[in-house]
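Colleague: Numbering (the working numbering), first residue to last: 1 to 359.
Hints are supplied without guarantee of correctness; some may be wrong.
What the hints assert, rightly or not - Below, in silico cross-link-like pairs of lysine-lysine (DSBU-like), each with a Cα-Cα straight-line distance of 30 Å or less: (1) K255 x K140; (2) K140 x K193; (3) K98 x K226; (4) K255 x K193.
Said to hold, decoys possible - Distance ranges between label pairs, derived from CB positions: (5) A283 x L78: 33 to 39 Å; (6) Q256 x I207: 34 to 40 Å; (7) F196 x K227: 42 to 48 Å; (8) Y124 x I150: 37 to 43 Å; (9) V82 x E296: 29 to 35 Å; (10) T135 x E228: 46 to 52 Å; (11) K193 x T342: 16 to 22 Å; (12) Q256 x M70: 40 to 46 Å; (13) P114 x K227: 35 to 41 Å; (14) Y124 x K227: 49 to 55 Å; (15) E296 x T195: 20 to 26 Å; (16) I96 x S139: 25 to 31 Å; (17) T138 x E296: 45 to 51 Å; (18) I150 x F122: 24 to 30 Å.
Treat the hints as calculated values from the structure; they're not laboratory data. Quick caveat, the model's predicted, so the values are computed rather than measured. Cβ coordinates follow ideal geometry from the N, Cα and C atoms, glycine included.
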Amino acid sequence: MEKRSQTPPLHHHYHHHHQSLTMNLSSETEIECIDHQEETQQHQNQLSPINNNNNHLHVDEKSFTNKRYMPLLIINYLLLFVGSISSSLLSKYYFIHKGSSKWVSTWVQCAGFPLLIIPIYFPYLINSTKRTPFTDFTSKMITLSIFVGIMLGLNNLLISWGVAYLPVSTSALLLSSQLVFNLILSAIIVKQKITFSNLNCVILLTISSIILALNSSGEKPEGLTKKEYFIGFFCTICAGLLFALYLPVMEKVYKQVYSYEMVMEMQLIMEIAATVLATVGMAFDGGFSEMKRESEEVFDKGSEVYWVTVMANVVTWQFCFMGTAGMVFFTSSLTSGICMTTLLSMNVLGGVLVYRDEF
Numbered sequence: 001m002e003k004r005s006q007t008p009p010l011h012h013h014y015h016h017h018h019q020s021l022t023m024n025l026s027s028e029t030e031i032e033c034i035d036h037q038e039e040t041q042q043h044q045n046q047l048s049p050i051n052n053n054n055n056h057l058h059v060d061e062k063s064f065t066n067k068r069y070m071p072l073l074i075i076n077y078l079l080l081f082v083g084s085i086s087s088s089l090l091s092k093y094y095f096i097h098k099g100s101s102k103w104v105s106t107w108v109q110c111a112g113f114p115l116l117i118i119p120i121y122f123p124y125l126i127n128s129t130k131r132t133p134f135t136d137f138t139s140k141m142i143t144l145s146i147f148v149g150i151m152l153g154l155n156n157l158l159i160s161w162g163v164a165y166l167p168v169s170t171s172a173l174l175l176s177s178q179l180v181f182n183l184i185l186s187a188i189i190v191k192q193k194i195t196f197s198n199l200n201c202v203i204l205l206t207i208s209s210i211i212l213a214l215n216s217s218g219e220k221p222e223g224l225t226k227k228e229y230f231i232g233f234f235c236t237i238c239a240g241l242l243f244a245l246y247l248p249v250m251e252k253v254y255k256q257v258y259s260y261e262m263v264m265e266m267q268l269i270m271e272i273a274a275t276v277l278a279t280v281g282m283a284f285d286g287g288f289s290e291m292k293r294e295s296e297e298v299f300d301k302g303s304e305v306y307w308v309t310v311m312a313n314v315v316t317w318q319f320c321f322m323g324t325a326g327m328v329f330f331t332s333s334l335t336s337g338i339c340m341t342t343l344l345s346m347n348v349l350g351g352v353l354v355y356r357d358e359f
């Protein structure tokens, strides 16, 4: 009988050996790839610990800001409430008692920017935040802040001209016109969703302002020419329109920040830009020498009251802008505009009670 060979055929042995070798090589290749990926990841982590730390820091700061949401919202609304009413009354007080410089009135609205150092550095000094102030700023954010600051400076100048020639009640009613434009510009710039509730709120507030304006005295104040009254009217309307643009632009800028401290830092840059604009205007118009002359010779309440009025204007206007910035950051530009329009009724009441404005 013919014996079968116990040895497998050569080609079968070779094929089996080739498969084993291929599998081994594939496994080794996969292991090497995994090891290489792990080494690469470890290497990247070693090269960029700052980026990783920054990501964790951003999350921590955002979480910390969210925890403080309600207290900060209340504080900023109170700042807006006190600042809005006080600044309008004090600005009118300056002009009533023979102050006449529009540039001085513009300058005091933004010269209080050093006060912003308190909310910027205080949390860092008491170790309630790990973030160092003025970090994570890009050139784009700085440029936007400067642009908005110049816009703010122009708005301040227009408000100064309006307050100089119009009663507080009249200027407050005219400024309420910004709400309709705020709604439109918010929808265009920040894609604000127009709902029935916010549309209804805007319509009701606007109609109430129109009714108040129609029922108020249409006579211009005593001693005011028609030209001056028209200038005051025109400047106040323009200030309202510019402020309606200012609010959604601010909201657009604040979408790039993740903490309340950064909002105050950007606000500081805006205020510095506005102050530079006002300072240049004062320098060319002789505003600084006029301040000295007004305090010593013109202001009918005396030098001490003059400087107290100036400093009080500086502080209260800063409260107003700090509150506005906070309200935009924590809510929206439209909500902030609605709150400010609501407060304008208090300004009207303040003008009637304090200065006996006709109404």
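Colleague: Is K255 within 30 Å of K193, Cα to Cα?
Modeller: At roughly 16 Å apart (the allowed maximum being 30 Å), K193 and K255 satisfy the hint.
Colleague: Assuming the hint says 16 to 22 Å, is it satisfied by the Cβ distance from K193 to T342 or not?
Modeller: holds, 21 Å
Colleague: For a C-alpha distance cap of 30 Å, please report whether K98 and K226 respect it.
Modeller: holds, 20 Å
Colleague: Taking the Cβ atom of P114 and the Cβ atom of K227, is their distance within the range 35 to 41 Å?
Modeller: holds, 38 Å
Colleague: Taking 30 Å as the top limit, are the C-alpha atoms of K140 and K193 close enough?
Modeller: holds, 26 Å
Colleague: So the hint says 45 to 51 Å: do the beta-carbon atoms of T138 and E296 match that?
Modeller: With a Cβ separation near 47 Å, T138 and E296 satisfy 45 to 51 Å, so the hint holds.
Colleague: Do the Cβ positions of Q256 and I207 conform to the proposed distance bound of 34 to 40 Å?
Modeller: holds, 36 Å
Colleague: Is the hinted pair K255 and K140 satisfied, with a Cα-Cα distance of at most 30 Å?
Modeller: Holds - the C-alpha atoms of K140 and K255 are around 13 Å apart, at most 30 Å.
Colleague: Is the gap between the beta carbons of Q256 and M70 within 40 to 46 Å?
Modeller: violated, 24 Å
Colleague: The hint says 24 to 30 Å between I150 and F122; measuring C-beta to C-beta, is that right?
Modeller: Taking Cβ atoms as reference, I150 and F122 lie about 28 Å apart, which means the hint holds.
Colleague: Is it true that the C-beta distance of A283 to L78 lies inside 33 to 39 Å, as the hint says?
Modeller: Since A283 and L78 have Cβ atoms about 35 Å apart, the given range 33 to 39 Å holds.
Colleague: Note whether the CB distance of Y124 and I150 lies within 37 to 43 Å or breaks it.
Modeller: This hint is violated: roughly 28 Å between Cβ atoms.
Against the hints set out earlier in the document, violations occur for numbers 8, 12, 15, 16.
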